[in-house]
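K.L.:
What follows is the residue order along each chain.
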Amino acid sequence: MLLGRFFMIVPALAIAGNLARKKSVPPSLGTFPVTTPTFVALLVSVILIVGALTFFPVLSLGPIVEHLLMYAGQTF
Amino acid sequence: MSKEKISTWEARIVRRALIEAFKKLNPRVMIKNPVMFVVEVGSAVLTVGLLRDLLAAAPVHLAFEFQIVLWLWFTVLFANFAEAMAEGRGKAQADSLRRARTSIRARRLREDGSIEEVAGPQLRRGDVVIVSAGEFIPADGEVIEGIASVDESAITGESAPVIREAGGDRSAVTGGTRVLSDQIKVRVTSDPGGTFLDRMIALVEGAERQKTPNEIALNTLLAGLTIIFLLAVATLQPFAIYSGAPQSLFVLVSLLVCLIPTTIGGLLSAIGIAGMDRLLQRNVVAMSGRAVEAAGDVDTMLLDKTGTITLGNRQATEFIPFDGVSEPELAEAAQLASLADETPEGRSIVVLAKERYGLRGRELKGAAFIPFTAQTRMSGVDWNGREIRKGAPDAIADYVSRNGGEVPPKMREVVERIAREGGTPLVVAERGRLLGAIYLKDIIKAGIRERFNQLRQMGIKTVMITGDNPLTAATIAREAGVDDFLAEAKPEDKLQLIRREQAEGRLVAMIGDGTNDAPALAQADVGVAMNTGTQAAKEAGNMIDLDSNPTKLIEVVEVGKQLLMTRGVLTTFSIANDVAKYFAIIPAMFVSTLPVLDALNIMRLHSPESAVLSAVIFNALIIIALIPLALRGVRYRPMPATAMLRRNFLIYGIGGLIAPFIGIKLIDLVIVALNLT
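So the protein lines, in turn, are chains Z and H. The numbering used here puts the first residue of the first sequence at 1, with every later residue one more than the last. The numbering used here puts the first residue of the second sequence at 1, with every later residue one more than the last.
In isolation and in its complexed conformation, chain Z is listed as follows (with noise of 0.2 Å):
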């Protein structure tokens, strides 16, 4: 649990001091937006599927087996 929670933090220090480091480069066509509807898009669905990627094994085995098995009559 406590790994869980803490260890992810390192590696996500490293990228941010990582960009930290990197130079601003001045927004021409050639840069990608943050501000659009494409970019949301983009962000939410790398998001979900890293996320459902992660846990879906283990989402299968436990709530979504028994919301399967409430309706098929057998609950908890």
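Simulated from the structure, these hints should not be mistaken for laboratory data. Backbone N, C-alpha and C define an ideal beta-carbon position, used for all residues, glycine too. Treat the hints with care, since some could be wrong.
Taking beta-carbon pairs under 10 Å as the criterion, some of the chain Z residues facing chain H (in silico) [unchecked claim]: (1) G17; (2) P33; (3) F39; (4) F56.
Fit chain H to the supplied structure of chain Z, relying on the hints for placement.
P.N.:
Just chain H now, kept in the frame of chain Z:
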């Protein structure tokens, strides 16, 4: 590069790639690719498991287990095959280059002036050799005496001979090329093993290939994903045991291999190699993959006006004498000053003088020719007590006032008129007396305007570099549609411009050939040196254009962008694929103990075994299916980043979600039809 284009799918390349694919199974090679290494370890573990089951004669699923192991090894082999295919064409090309490096005998000049014959590899830097017509140049060098036409087709594939002469920007010769006429003295500039040909062979073979920053970043991301999925699969087993459905090692490893991004992991290095290879097909040798990648991110492009934006040769079209000078007098002086001037402009002046006034070329005995330099910005001749100069207006004005002459007001008027019309004024003077101006017309290349429009769409700023005065530069810049221009550019100005752009965070690309260009080429993020250029320029740049075509820079950037995009779309595709694989494998794992989970089997796969097997087979086959795309690169159209991203996201993201559902179902049908499980 010999011009015989080597096709990717030629039999000998495929055969070699197949052998290489097995050689690359060596774990010490595989470890460089963490994703595929995990697959290899998984395959090895399952192979041991299979042997154990064989010996123990465990009854049930031997056929299933055998097929899983087989397809996992195929997955690794397919990825290796992709990489070997990408390297294949380079290797084949290296072979043909090696043939050019046959053992050449050289005639070395001793210090006392006598000549000794030595073998090519014995030559060291600083040696001077004599090469006559019909002989091969034994090593890279610089012409120090003489002029010769050289057949460089062994290197460039261009069959038309080129002129190489002492001094100036055309003095560099390459080992392995052949002198067609005359005799030259060459000072060797490279030691054996370090010649251009040696370096090219190493480069096209990929021997010196190092991972580029972007590749490392992506590899880190993929390794991170692999760790996450490793955890997800490893923690699944305790849950499964709790639910009363413990899983076999075969199913767990299959799940893991399907989840980790094997598609992009297997194709990643192939994409990089293929990018360099695509440049090679366009006769550009990239010194590093890093340069190709940087090319894809370029924001500012420095283009020389001459040869890139305008046709190389400006033509003299008119003599405009100043007050008190007759036109024939001006023409005569201009012709004298140009007789030894071998530039297209110089020649066109001689031609115009002949056409208009019947002035013939003369032998100038005892004449001293003053060559053009970027500093003086004028050239001319001292002959018979006369001193004639022609050159840039302000340089000539300077020269005239230094000699006590006056600059007539008409000069300014004429010069400005020519410049405004987009022409280039050349001014002719004799000592303190200004004679007149020559109107040189610049012709803008067809289609270049559209090219710049495309570049603007891609978000790339184009800067035209020219030695012309600002007025001329502005007119041509407007006509050609470049974003900005640098007029009256001296080599230092170029360097400064690059530094300024870089300080603002932009990546700069430029192409150049002269010694003057070397500092700027070295400073630019992407420096393309022309093969006709000087040794200094070639060493400073990080790419060499064998065709010496300045428009190449645009193609280089396109290949770079294509490379980055191909990597991006295949990563997207690879990860989006996982969703379908879950829907195949998870229900298969638990359906026997928890029948309700069959609701997740939305593909209605036949049986748990066929489901797992289909997913693994799909996972392996998709690598093979995508090899052509990885090698060719995704289709590139110039458009803004947002539009591009949206398009690729729709095709490869959504496509990546849907394709495996169909693919896995089809494979499942085949498996059932063939009764494989």
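K.L.:
Any CB of chain H closer than 10 Å to the CB of Z:P33?
P.N.:
holds (7 Å)
K.L.:
Hint check: is the beta carbon of Z:F56 less than 10 Å from a beta carbon of chain H?
P.N.:
OK, holds: Z:F56 within 10 Å of chain H, min 5 Å.
K.L.:
Taking 10 Å as the limit, does the beta-carbon of Z:F39 come near enough to a beta-carbon in chain H?
P.N.:
holds (8 Å)
K.L.:
Should the hint that Z:G17 touches chain H count as held when the rule is a Cβ pair under 10 Å?
P.N.:
Constraint on Z:G17 not satisfied, violated at 14 Å.
The structure fails hint 1 only (numbered hints given earlier).
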